[in-house]
Amino acid sequence: MSLTINQRTTGDVSILDLSGKITIGAGSVQLREAIRKLIDSNNKNILLNVGDVSYVDSSGIGELVNSFTNTNKAGGILKLLNLTKKIQDLLAITKLLTVFETFTSEEEALKSFNK
Amino acid sequence: MSLTINQRTTGDVSILDLSGKITIGAGSVQLREAIRKLIDSNNKNILLNVGDVSYVDSSGIGELVNSFTNTNKAGGILKLLNLTKKIQDLLAITKLLTVFETFTSEEEALKSFNK
Amino acid sequence: MEQNASTIALTINSSFKFTELVASVTDNITQIVGFGEEEAHWISLSVRESVINAIKHGNKLDSNKAVDVMFIISEESITISVRDYGEGFDPRHIPDPLDPTNLLNPSGRGIFYMRTFMDEVDFSSHPQGGTIVKMLKKRIISETTE
Amino acid sequence: MEQNASTIALTINSSFKFTELVASVTDNITQIVGFGEEEAHWISLSVRESVINAIKHGNKLDSNKAVDVMFIISEESITISVRDYGEGFDPRHIPDPLDPTNLLNPSGRGIFYMRTFMDEVDFSSHPQGGTIVKMLKKRIISETTE
Ligand SMILES: Nc1ncnc2c1ncn2[C@@H]1O[C@H](COP(=O)(O)OP(=O)(O)O)[C@@H](O)[C@H]1O
Ligand SMILES: Nc1ncnc2c1ncn2[C@@H]1O[C@H](COP(=O)(O)OP(=O)(O)O)[C@@H](O)[C@H]1O
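If you're matching them up, the sequences are chains A, B, C and D in order. For the first sequence, position 57 (counting from the first letter as 1) is numbered 57 according to this note's numbering, and the numbering increases by one without interruption. For the second sequence, position 93 (counting from the first letter as 1) is numbered 93 according to this note's numbering, and the numbering increases by one without interruption. For the third sequence, position 146 (counting from the first letter as 1) is numbered 146 according to this note's numbering, and the numbering increases by one without interruption. For the fourth sequence, position 135 (counting from the first letter as 1) is numbered 135 according to this note's numbering, and the numbering increases by one without interruption.
One chain only, chain A, in its complex shape (with noise of 0.2 Å):
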């Protein structure tokens, strides 16, 4: 039930593998709460793995969202890896797939922070 956040670190990539649920009653408030400590840690490199995650729905999606907008703001950079078919659906019909950078490959994506 619920969300579970685990926090590693590559290098100066912050990764966030997440399992469970990301809806309006779960997930939402952990996953802005996670963030918000990264970037106040001054944590600015962010790939969500988003392998694990079992239920988005509209406000996963936004919270998603919110996590990329928050981060931009901070002069940071959020990047999605591993993403579910349903999650690349969700995010494609709504063009999100035009604003996140995603990966199928953690190595290709810690690569990618350091162009």
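Take these hints with a grain of salt, some might be off.
[Said to hold, decoys possible] SDA-like cross-link-like pairs, simulated, lysine to any residue; straight-line CA separation at most 20 Å:
1. D:Lys65 to A:Lys86
2. A:Lys37 to A:Ser54
3. B:Lys73 to C:Leu103
4. A:Lys86 to D:Thr116
[To be verified] A short list of chain C residues far from chain B (calculated; beta carbon distances all over 12 Å):
5. Met70
6. Ser77
7. Ser81
8. Arg92
9. Asp99
10. Asn105
11. Asp119
12. His126
These aren't lab readings, by the way, just hints derived from the structure by calculation. We put the beta carbon where it would ideally sit given N, CA and C, even for glycine.
Assemble chains B, C and D with the ligands onto chain A, guided by the hints.
Just chains B, C and D with the ligands now, kept in the frame of chain A:
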């Protein structure tokens, strides 16, 4: 979903490994069929392994009673193996533990048929 | 008295294929109230039994007839009412499943289980016909809920 | 026309804690109808979105106000109506989430998702007040169901 029945034979004992539900909607019919087939083919020592049965309602308990009675009528004997806590409770409070012979060890159960 | 009580109402047609649905609503609700796994299991069993009775004995499997299930929840308890549109019956005149002559009956244990697992079970007749089974289960509160 | 249609009615109070319950009823029903996993997922998402809107925008989180969800199912389709007791709104005047100026809005995608995933989505005002969202999803029938 529903009930899965796996049949094994050890000596002259037919063991049915049940897994799933024995409720009014699911399982009761399958169980009745399986017992009928065993009796029809003259297999009268029946051991029901209910260790993997996740849900039983009053119909399911009724079907266990049916199985017992039908086997009895055909001159056979039906015993129960690996009661879950919940099946144990349901049998106990309706005094059916006095009716069924029950076992926690398959070996013991098999031995008991040859006494 | 009961603060923050909520009511969930569910109406199905009289078909056994909907008993899982009612059970899963029940599971959801007992989880919200905060019952432990075992209590939740017996509550859902009691709800199943009463819904099956409403479909089978009350509405006599007439799928056009409804079964109305109402859950009233608070932090202290859950009350479940199951109403059918049948002819009613006298719950004082049902065979005792513990009577030795009934022990091997394939049926007749549903109400007994409901009475065992729930704190209160009441049967009444609806003024417009049909039976209402009302069941109450209290929760042992060990810690404050959010 | 629709043979063997069944109706399931569910009423909850306006609290997000009941959205999982409505979703699990939906999952149960789409399974009974015979929708595939992916279709079932999007139907349940659409139901969630409409229920959340009813709670948030319609009933404005007033937990005393009800949300009525009705499922009408047949072998060919599922129709879901969600009713709130709010002031209503004009669905023609909501921002387009695909408009470049809205792309980074944290909200405003719910109705768009409903319209994408369901075959029909209609908004109407209930004569006694509140909004009714009616959504239809047809099933591609590949084999006869029991
Ligand atoms: N809702 C109901 N309407 C009419 N009769 C009922 C209803 N519920 C129970 N009964 C009667 O009570 C009897 C006992 O019910 P129960 O203990 O659940 O066992 P079972 O359903 O296996 O017979 C039923 O056989 C039926 O005659
Ligand atoms: N049931 C409702 N009652 C009143 N207004 C509603 C209702 N449903 C939707 N709306 C209005 O439509 C807008 C768009 O809804 P939606 O696309 O679901 O996005 P969001 O809920 O994220 O704003 C809402 O912001 C609200 O103003």
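Here is how each hint holds up against the structure:
no., hint, result
1, D:Lys65 to A:Lys86, "violated, 33 Å"
2, A:Lys37 to A:Ser54, "violated, 24 Å"
3, B:Lys73 to C:Leu103, "holds, 16 Å"
4, A:Lys86 to D:Thr116, "holds, 13 Å"
5, Met70, "holds, 21 Å"
6, Ser77, "holds, 22 Å"
7, Ser81, "holds, 20 Å"
8, Arg92, "holds, 19 Å"
9, Asp99, "violated, 10 Å"
10, Asn105, "violated, 7 Å"
11, Asp119, "holds, 16 Å"
12, His126, "holds, 24 Å"
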